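Enquirer: Residue-level listing of the chains:
There are 4 protein chains.
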Amino acid sequence: MMRPLRYAMVGGGRDAFIGGVHRQAMALDGRMQLVAGALSSDPDKARASGRDLHLPDDRNHGRWQDLLDDELRRPPDQRIDFVCIVTPNHVHYPVALAFAEAGIHVVCDKPLTHTSVEAQALVRASGAAGTVFGVTYNYTGYPMVRQAREMVRSGAIGEVRKVVVEYHQGWLATQVERGGNKQADWRTDPARSGLAGAIGDIGSHAENLVATVTGLEIEALCADLTAFVPGRRLDDDGNLLLRYRNGARGVLMTSQVAAGCENDLSLRVHGTLGSLAWRQEEPNLLLHAPIDGPRRVLTRGSPWLCDAARRATRLPAGHPEAFLEAFANVYLGVAEGIRAAQAGRAPLPGEADYPTVHDGARGVRFIEKTVESAASAAKWTDWD
Amino acid sequence: MMRPLRYAMVGGGRDAFIGGVHRQAMALDGRMQLVAGALSSDPDKARASGRDLHLPDDRNHGRWQDLLDDELRRPPDQRIDFVCIVTPNHVHYPVALAFAEAGIHVVCDKPLTHTSVEAQALVRASGAAGTVFGVTYNYTGYPMVRQAREMVRSGAIGEVRKVVVEYHQGWLATQVERGGNKQADWRTDPARSGLAGAIGDIGSHAENLVATVTGLEIEALCADLTAFVPGRRLDDDGNLLLRYRNGARGVLMTSQVAAGCENDLSLRVHGTLGSLAWRQEEPNLLLHAPIDGPRRVLTRGSPWLCDAARRATRLPAGHPEAFLEAFANVYLGVAEGIRAAQAGRAPLPGEADYPTVHDGARGVRFIEKTVESAASAAKWTDWD
Amino acid sequence: MMRPLRYAMVGGGRDAFIGGVHRQAMALDGRMQLVAGALSSDPDKARASGRDLHLPDDRNHGRWQDLLDDELRRPPDQRIDFVCIVTPNHVHYPVALAFAEAGIHVVCDKPLTHTSVEAQALVRASGAAGTVFGVTYNYTGYPMVRQAREMVRSGAIGEVRKVVVEYHQGWLATQVERGGNKQADWRTDPARSGLAGAIGDIGSHAENLVATVTGLEIEALCADLTAFVPGRRLDDDGNLLLRYRNGARGVLMTSQVAAGCENDLSLRVHGTLGSLAWRQEEPNLLLHAPIDGPRRVLTRGSPWLCDAARRATRLPAGHPEAFLEAFANVYLGVAEGIRAAQAGRAPLPGEADYPTVHDGARGVRFIEKTVESAASAAKWTDWD
Amino acid sequence: MMRPLRYAMVGGGRDAFIGGVHRQAMALDGRMQLVAGALSSDPDKARASGRDLHLPDDRNHGRWQDLLDDELRRPPDQRIDFVCIVTPNHVHYPVALAFAEAGIHVVCDKPLTHTSVEAQALVRASGAAGTVFGVTYNYTGYPMVRQAREMVRSGAIGEVRKVVVEYHQGWLATQVERGGNKQADWRTDPARSGLAGAIGDIGSHAENLVATVTGLEIEALCADLTAFVPGRRLDDDGNLLLRYRNGARGVLMTSQVAAGCENDLSLRVHGTLGSLAWRQEEPNLLLHAPIDGPRRVLTRGSPWLCDAARRATRLPAGHPEAFLEAFANVYLGVAEGIRAAQAGRAPLPGEADYPTVHDGARGVRFIEKTVESAASAAKWTDWD
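Protein chains in written order, with the UniProt record's numbering: chain G, 1 to 384; chain A, 1 to 384; chain S, 1 to 384; chain R, 1 to 384.
Since the list can't tell identical chains apart, any single copy or any two copies may satisfy a pair.
With a straight-line cut-off of 25 Å between C-alpha atoms, the simulated SDA-like cross-links for lysine to any residue are: (1) 369 - 380; (2) 182 - 304; (3) 45 - 29; (4) 45 - 59; (5) 369 - 220; (6) 45 - 191; (7) 45 - 65; (8) 379 - 247; (9) 369 - 93; (10) 182 - 302; (11) 182 - 313; (12) 45 - 63; (13) 369 - 381; (14) 182 - 316; (15) 369 - 384; (16) 182 - 29; (17) 379 - 243; (18) 182 - 303; (19) 369 - 382; (20) 369 - 247; (21) 182 - 41; (22) 379 - 219; (23) 379 - 368; (24) 182 - 307; (25) 369 - 243; (26) 379 - 227; (27) 379 - 195.
What the hints contain is simulated information worked out from the structure, not anything from laboratory work.
Model, not experiment: these values are computed from the prediction.
Excised from the complex, chain G in its bound form:
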């Protein structure tokens, strides 16, 4: 087993939620090691957070710029292998751009940036530097999502006619942003969250899930966005009709005010030869209804799954894996990409299975187009 990759984290300090999830995901397989950080935009909190995580003082920074400067001063063989950016959305862009331009591999949370202009700048920067740039659309790391992708791509359900994707949560059903909920606070603030609320926060996962599994490209969309909770400035519920370039139709639903729902992301794909259904809250199952025989329940860990699903599996069938393992799988893909880049070679087939900066940029465009459609009088909005 090779030495673990060294990473620095920007964001994810005390009181943050998702940074700890990223760290647990990276710890799971023992292949990545946190060595440096600038864990908060507040320098004091940043350093206190770094001490919590046993970071050495000289790599525990109050500002991300100091982290970058410090890393660049170190000899390459002691430098971090990549940076992991888990700040609120508005900070993604400057940090990611600076590290990418400095030739450091980047993993950034989603949605990637506030604007397509920014996203394209990141595409160019990482392209110019030849570096890996992963975006943590973590749900793509589930083995059964990869199985679905393989089945759709290989024609197991024929040509896709209809896609239904939904992502329903209920945690913003009341005005929790006024009650000190830090996650709710920045997500409902346009300055930090961006153009969109629920569509950006979770709708972007839904868009990515469809694109990852089916490869379909959106031709036009028609959106209805609503802010239900009084005083809320960004959408907390959104519904879209979609037309794909192959003629398929889609429905994308998202809500953060669906009271009683937890994290109900699901995907259904209907093709000429059958249908697939997957649900994040029961992630070890993939339902396959062929047109000409009984429904099948594919389970993670089974020997008859595709290579990509089996590679993304640690435990035997019936020993469930879940959210953290899926998250970790995205990181394992990134790690393979970095290993290959460090070895000066392209990834082998099946290696480096992770969402890239291109996925991130498409997600930003999705958010922009959705907001444009919802705001326009003529509802159907072309993608191009």
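Following the hints, put chains A, S and R in place on chain G, whose structure we already have.
Expert: Below, chains A, S and R alone, put in the same frame as chain G:
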């Protein structure tokens, strides 16, 4: 127990599907008795079908007009109590109008008519005659649908914010209408099916289910209809965004080409205080997710259900009831309405729980507006 | 369609529960018609109940003996085709014996009799008369139970190694027999219920379900019976280990004090090549887990089911059928048997699919052996 | 955050399965660090395995005795905090005894030992040394198991009347031990596995799950054990009837030849006021059926769960946690126990929630008594 109501059936002869279902539903509780019929538009087939059902010769007619004439000739105490119309869609209107104008109670299948003009004529005719006019939106007969209605109407989930209703079938995923499937043949023929395909056939059930459970009124809708199967002239897939007058948003999905799906009608209602979910293929359950406590699974037959749900139940909890029983419940409601009318009184509270000609007319308008929206350049179409 | 079969009912009057279920099941398909009855052991209640059901006075009897006498006096072409016995258990035997000896076809509820001696007398009587004798183990009428039977018998899951059958209810979890619950009252009274409580009432269904589906024969059993509710004289909970003649092992569990359970009868069969699972509360599904591929969910109404399952189906897939339809299927099988007998021929292959007096007698022996095992010091009790 | 605890591992080298699972579980929360090992009984493989895991050469041993000697030579502040024993069953005892007698905290896999005599020696040794001794009954680490425990113990379902626990797997349905399956090889060998096969390997988990959740004590048991696969010397299927000291009854089923089953451990507890059901393959749910209201589905991460369940949770509701997280929870409990011991204090309320050597010893007795019952002529075997 009072004598069974006597009914005549128009349509529903040999090779028909739904007529037999209506007859089984009516037989279940022993409260209705088939005494006359004009069971097909083909007089020979009509009479042969009547003989199959042991109809006496003098009430076994080749044409529905003969049936009507014959009944009117009989003394009132020997006449049918109501007529049941289960023909293809295009025949509903003339038959229903003639019987209603003759002062005979009517039960008619859905969608009620091809046009709102016709539907309004039926509203007027039955109104003028003071007769009962039921429309067999059979899914409203499920006890747990009635429980959902009670819970929404009584505020158990607060103010409704979002409704998701879907009806996915797969039986038209291939060109079965070319292969001798009689059900597919007329449903895909504009002359017999009307303006719409799937939206008329099953989308109308979805519309009715929402209206029945929530009472919400559509303010505007935005529809995308598609005919996927080559050569098909009517939509076999449709998706709508909906805005309701109270500010709620909705998504209505329907398909008859969702390969591998059977009869997957489901409803979710999200309110400020919780959510409800019901699925026709598991009709004995109603899921209730309150905002402030664990999810609850309400089961048919439980003592804590509302009166309307308990009245619609024959068997104890755990002894499942299903499609036919729900269908029968609609007829029991119609029967109560007829009994009350015959007694010259209004139905008592809780009695006569069935979809009326007004539901039928609203359903026709829904179809028209959906087709209008799908065909228009400006997609959002106002209801009024 | 032939004329409906005429039947008389013994038991099933006002306040009874299961009689009405039998009548609804028989009404469903329009093939059986109630023409006579002795609907209660209380003559006045019997006649009042018959009037409720519109029985003519001359066939509405106060005593079952009068019913039998009256029928025998009628010319054969006006006589009932069969009698349906739905009394409490202790009355089954004398009524069934009398009618069978009189050469009248019989349908009797389960458990058949209080003792094997009585059961064997019924076997002999109906054998001597050459009459049909059906026992309403109604759960065998479910299409997916018949599909399971076909799959096990044809080797789809290989040789059976293990069977787990359970039947859990909760309605007797408290002392309801003291509170006026008529169903609870006689079921907990040894004089009317027989040797056993839950084991007789519902354990016998479980035994029959295993035998029907697998054909396995019990070699020995080891039982533990308990009366949990204070003051109860018959078991309200029972658990058995089973050994079958082919070497398979079994577990049979039953309870009527499993608080919160409704009517949770389920069967799992594990063979060398796969497993099957069926659950009465979701009766339209049969789960099949083959050893060498993904799990399959077989659904009622699918074209790939066996003949017996398809014959037992009225509605298309996705239009659920349930308890009453299954019950009706048993009666349809009986009717085919009677038609064949009346025509002086053996039933055709696939016809006359119903549990017979032999099933009933085996069920009585099961109850006796279970009680014997539970009472003995040496627990394993041989069947023979 | 305190420094991670240092641990050594015995067993768990190349080709082993469960050792890696233990390491991942311990890595998850960053609170334990592997620093030493004797990872195989084959010294060369042991050292190669240690190099895979980046163990320093001086703490990478070929024999567990060398590991122990080396640790004892080190100053206490550099010594391991605990040893983790993940060898095949027959090696547990000597290793655990040696480390416990040396005053080192121990975590050992289950079943603890081959005999009760050995198990009691471990109880005494760890008691004498005052050290922590955890046994990795990992399923007790699931939050919803802890919720079930709290609900049963606090009386939410009243007095327990019946327990049904089952653990069905299918991976030994064929003679895989002859085909090079290392896991199957030692588990089916009496010399390495012990007295029992499936009952020891997975039945012990089932026994522990009941004891953990309910606290019920077995009074007597009646077992039927079978080796279905030709040539197999240990049971691969077992079924037990149980009587508990409080009068409750139980059924325990286990199989490793239930073809098509994966890792189907489930528990149902029926009390006077309601029932609970939990299933390992859907571990984020706990079903609660109260006697007097609708069923409830409790979900991990909800604010209304008990403290113990919430402490065992990392992610919000709807972000599923699974097998590894549950495993990690057991280790977190052990870690709290060790921290407390190192601080010379008793654990605080709610701390140190893990199965101990007493659970392990009871599990060994369960195996012995089960085998005794299955082998005896008089089947019911008293626990004492």
